[in-house]
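Dock chain Y against chain D, hints included.
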Amino acid sequence: MEFADEYALMCQRCVEALAGLEGESLAVRDDAFDGLALELFEFQMRWNPAYRNFVGARDIDGWKAIPAVPASAFKDAARPVSCFPIEEAEGFFETSGTTGEVKGRHYFYDFDMYRAAIEASLRPLQKFGLPGDLRRCWLPGLEGRSSLGFMLEFLSGEGPVGELDPDEPVLLMGTALSFLHLFEGGIRHLPEGSWAVETGGYKGSRRELSKPDLYAMFEERLGIPSERVLNEYGMTELSSQFYARGVDGFHAQAPMARAVVRDPESGAEVGIGEIGYLSLYDLANVGSVLAVATQDIAQRGEGGSFQLLGRDPAAIPRGCSRAADEFLSR
Amino acid sequence: MMAMGSTRERAEAIVRAAAGFREFLGDLRVGELLRLVELELGSLDGFVEHGDIQSKAVAPGTILHVVSGNSPHAGLQSLLRGVLLGSRNLVKISRGAGAEIEAFAAALGCGIEVSDTLSDDWLEGADVVIVFGSDETIDHFRQGLRPDQIFLAHGHRVSFSVVLDGSDSEAAVAAARDVSLFDQQGCLSPHCIYVGGDARGFAGLLAEEMAVFDAQQPRRLLDIGESAELMHLRSGYEFRAASDPRVELWRSEGSTNWTVIFEEETQFALSCLNRVVFVKPLPAAEAIPEALAMVRDCLSTIGLWPFSPAEAEKWTGYGASRICPLGAAQNPSLFWHQDGGEVLAPMVTWVDLG
Chain D
500 MEFADEYALM CQRCVEALAG LEGESLAVRD DAFDGLALEL FEFQMRWNPA
550 YRNFVGARDI DGWKAIPAVP ASAFKDAARP VSCFPIEEAE GFFETSGTTG
600 EVKGRHYFYD FDMYRAAIEA SLRPLQKFGL PGDLRRCWLP GLEGRSSLGF
650 MLEFLSGEGP VGELDPDEPV LLMGTALSFL HLFEGGIRHL PEGSWAVETG
700 GYKGSRRELS KPDLYAMFEE RLGIPSERVL NEYGMTELSS QFYARGVDGF
750 HAQAPMARAV VRDPESGAEV GIGEIGYLSL YDLANVGSVL AVATQDIAQR
800 GEGGSFQLLG RDPAAIPRGC SRAADEFLSR
Chain Y
521 MMAMGSTRER AEAIVRAAAG FREFLGDLRV GELLRLVELE LGSLDGFVEH
571 GDIQSKAVAP GTILHVVSGN SPHAGLQSLL RGVLLGSRNL VKISRGAGAE
621 IEAFAAALGC GIEVSDTLSD DWLEGADVVI VFGSDETIDH FRQGLRPDQI
671 FLAHGHRVSF SVVLDGSDSE AAVAAARDVS LFDQQGCLSP HCIYVGGDAR
721 GFAGLLAEEM AVFDAQQPRR LLDIGESAEL MHLRSGYEFR AASDPRVELW
771 RSEGSTNWTV IFEEETQFAL SCLNRVVFVK PLPAAEAIPE ALAMVRDCLS
821 TIGLWPFSPA EAEKWTGYGA SRICPLGAAQ NPSLFWHQDG GEVLAPMVTW
871 VDLG
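Line order of the protein sequences matches chains D and Y.
Everything in the first sequence is counted per our numbering, starting at 500 for the first residue and increasing by one.
Everything in the second sequence is counted per our numbering, starting at 521 for the first residue and increasing by one.
No lab work stands behind these hints: they were computed from the structure.
None of these values were measured; they are calculated from a predicted model.
All C-beta atoms in this analysis are idealised placements derived from N, C-alpha and C, irrespective of residue type, glycine included.
Some hints could be false.
Unchecked claim - A few chain D positions that, by computed beta-carbon distances, are all more than 12 angstroms from chain Y:
id : residue
1  : Asp-533
2  : Pro-566
3  : Val-568
4  : Lys-574
5  : Gly-640
6  : Leu-663
7  : Pro-668
8  : Leu-681
9  : Val-746
10 : Gly-748
11 : Arg-761
12 : Ile-771
Stated by the list, open to error - Derived Cβ-Cβ restraints for the label pairs, each shown as a range:
id : chain 1 : residue 1 : chain 2 : residue 2 : range
13 : Y       : Asp-685   : D       : Asp-529   : 55 to 61 angstroms
14 : Y       : Arg-555   : D       : Tyr-701   : 26 to 32 angstroms
15 : D       : Val-601   : Y       : Ala-807   : 18 to 24 angstroms
16 : D       : Glu-719   : Y       : Arg-662   : 34 to 40 angstroms
17 : Y       : Glu-644   : D       : Ser-709   : 28 to 34 angstroms
18 : Y       : Gln-737   : D       : Ala-564   : 32 to 38 angstroms
19 : D       : Gly-722   : Y       : Gln-737   : 54 to 60 angstroms
20 : D       : Pro-548   : Y       : Glu-862   : 53 to 59 angstroms
21 : D       : Gly-628   : Y       : Ala-617   : 51 to 57 angstroms
Chain D extracted, bound-state conformation:
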């Protein structure tokens, strides 16, 4: 079978699994996830030679055993993490980074699956009480080929936030930095019943606010209590997103994606309540790799949830060379 045909089939299988979700069951059921993940793994082993070489000969007995590619591998221009020739991609997203830093690229054969994953990722928010029919709008502040920019635009279906009808609550989305800029503009209470989605991130700025301080400002400046503020956790290297509510919220399992918190020394999954790094398994990553290892540190919660503890532990100054690294990246 040609790649295009097999890819289309794989996407169809995943979309069908999503469509089959009903009522309480907001994520692809465990057995279905396992079957689909292993099928997708086989597909990616066939079409992605760099991944095939990396995996080598191993017995994979379930989705958690699927070898995860480190997010940094997406920076290797000579070996794109892709199942198809990158010239055939509909497009790609690029990681943000400081000047001179190599950027990671995630190529997409088409964006259909990506759009489906974005929309699907919002579903668990119903559990948090988010009304499904809120008008969505977003704050400007993203540049380049950012997956986040694509996501925000796709979700809102309109341009950056403009005039608001005081009687129409909204779902306002943006990076933490863009909200900070909004707060600095003064107090501007949003219509009663509004929600906010902040995506983290203060990149390109030396400023950073603790999460409790940021969420306090949502209430003070916008009139949105912290239980109606959501954090979105996503990556250029993934297609799905994970959401958490409030200051201490855990990120819920996404409909098409699962997170495993692993011990960095042994690679084994940690127990509930324990801390490790996140490996993510995303069925919507059809054309690249479904398993991606991050450097993000998280605490494992119940039911596949996790609480992020550090988005970027590498940014913590440590030892001589760390600062040299900062020095070099300037």
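Then chain Y, alone, in the frame of chain D:
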């Protein structure tokens, strides 16, 4: 004692106190401490000839040492020098990371105060402020000082090694020691080893010696962020190595204890520390500046094998302030010019007669 007594008495007190800190300070001798004073200052106890005049070095009344938390060496050496000068010494340590400094201060006796918080009194009362840390930390202190206060900054540095013959297994033993000691937390620890001849073969030899060293002196336990960072770097290179014959990786199994990465690319690579080292082919002489361009301004030490003054001299033009025998990178001489400068002279002022 401290401000009291002669330089010899202070040197004797230092040697007594330093006996428990050989790991960091080496084997100190009274004669060497006095010789250091003589070389840089002539004397601290009287006037010395200075051209056609007589001059006397006057030690600062109070020295404030702001030391970083990553390794105790620099802080201990800095304190030692301050005590040798006979000054009052204030040491600001990082929270939870200054046990060795506190112990050394206690062994030295009075005249030294150690704290993990910095009061305005300390800053304002210091005649000399010495800061070890990041550019940001250094800038912070520099901006807060008066013009009459002497400011000495030690920014972060990186080091590398050069092995001229990759088939030499003794070199692998020495390199493993330089990489592993103190878990690469200091500026003297090599990130990269440039190897002449069979560089890939040397990486294999080094891996064996890293394992041997680790069995004898296990690395400290990492915090979760360090561990995750190391794992991530390792698996990134594993991904590359699987498809790129120019890359090969050796690692401790079932732990992150040590990692050796061979890479044909000669560009200097920064390790994530904690016993992760790159082995690269030694570039031709004309290509070395380009390979080191990124780190030229922050180089500290080059560990050389085999070491000879003639060979070492060839490596003096690349920005490093110290070229030493491989295996001795972590043990600088008492007489070394730290970061290329004298260690006592910048702290004193002079009184001239004539």
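Check: Between D/Gly-722 and Y/Gln-737, does the beta-carbon spacing fit 54 to 60 angstroms?
Finding: The hint (54 to 60 angstroms, Cβ to Cβ) holds, given that D/Gly-722 and Y/Gln-737 are roughly 59 angstroms apart.
Notebook entry, point to check: Is 26 to 32 angstroms a correct range for the gap between the Cβ atoms of Y/Arg-555 and D/Tyr-701?
Noted result: violated (52 angstroms)
Note to self: Quick check: does the Cβ-Cβ distance between Y/Asp-685 and D/Asp-529 fall within 55 to 61 angstroms?
What the structure shows: Holds, since Y/Asp-685 and D/Asp-529 (Cβ atoms, about 58 angstroms apart) stay within the stated range.
Note to self: Is the claim that D/Leu-663 lies outside the interface with chain Y correct, judged by CB distances over 12 angstroms?
What the structure shows: holds (40 angstroms)
Notebook entry, point to check: Would D/Ile-771 pass as off the interface with chain Y, using Cβ distances and a cut of 12 angstroms?
Noted result: Non-interface label on D/Ile-771 holds, nearest chain Y Cβ at 16 angstroms vs cutoff 12 angstroms.
Checklist line | Status of D/Asp-533, Cβ more than 12 angstroms from any chain Y Cβ | finding: holds (23 angstroms)
Note to self: So D/Gly-640 supposedly isn't at the interface. Is its beta-carbon more than 12 angstroms from every beta-carbon in chain Y?
What the structure shows: holds (25 angstroms)
Margin query: Assuming the hint says 28 to 34 angstroms, is it satisfied by the Cβ distance from Y/Glu-644 to D/Ser-709 or not?
Written below: Holds, at about 31 angstroms.
Check: D/Glu-719 and Y/Arg-662, beta-carbon distance inside 34 to 40 angstroms?
Finding: Between D/Glu-719 and Y/Arg-662, where Cβ atoms are some 36 angstroms apart, the hint holds.
Margin query: Checking a non-interface call: every C-beta of chain Y should be farther than 12 angstroms from the C-beta of D/Val-746. Is that right?
Written below: holds (21 angstroms)
Notebook entry, point to check: Does the no-contact call for D/Lys-574 survive, Cβ to all of chain Y over 12 angstroms?
Noted result: For D/Lys-574, whose nearest Cβ neighbour in chain Y is about 8 angstroms away, the distance does not exceed 12 angstroms, so it is violated.
Check: For the pair D/Val-601 and Y/Ala-807, does the Cβ-Cβ distance stay inside 18 to 24 angstroms?
Finding: holds (21 angstroms)
Hints 2, 3, 4, 11, 14 and 21 from the list above are not met by this structure, while the remaining hints are.
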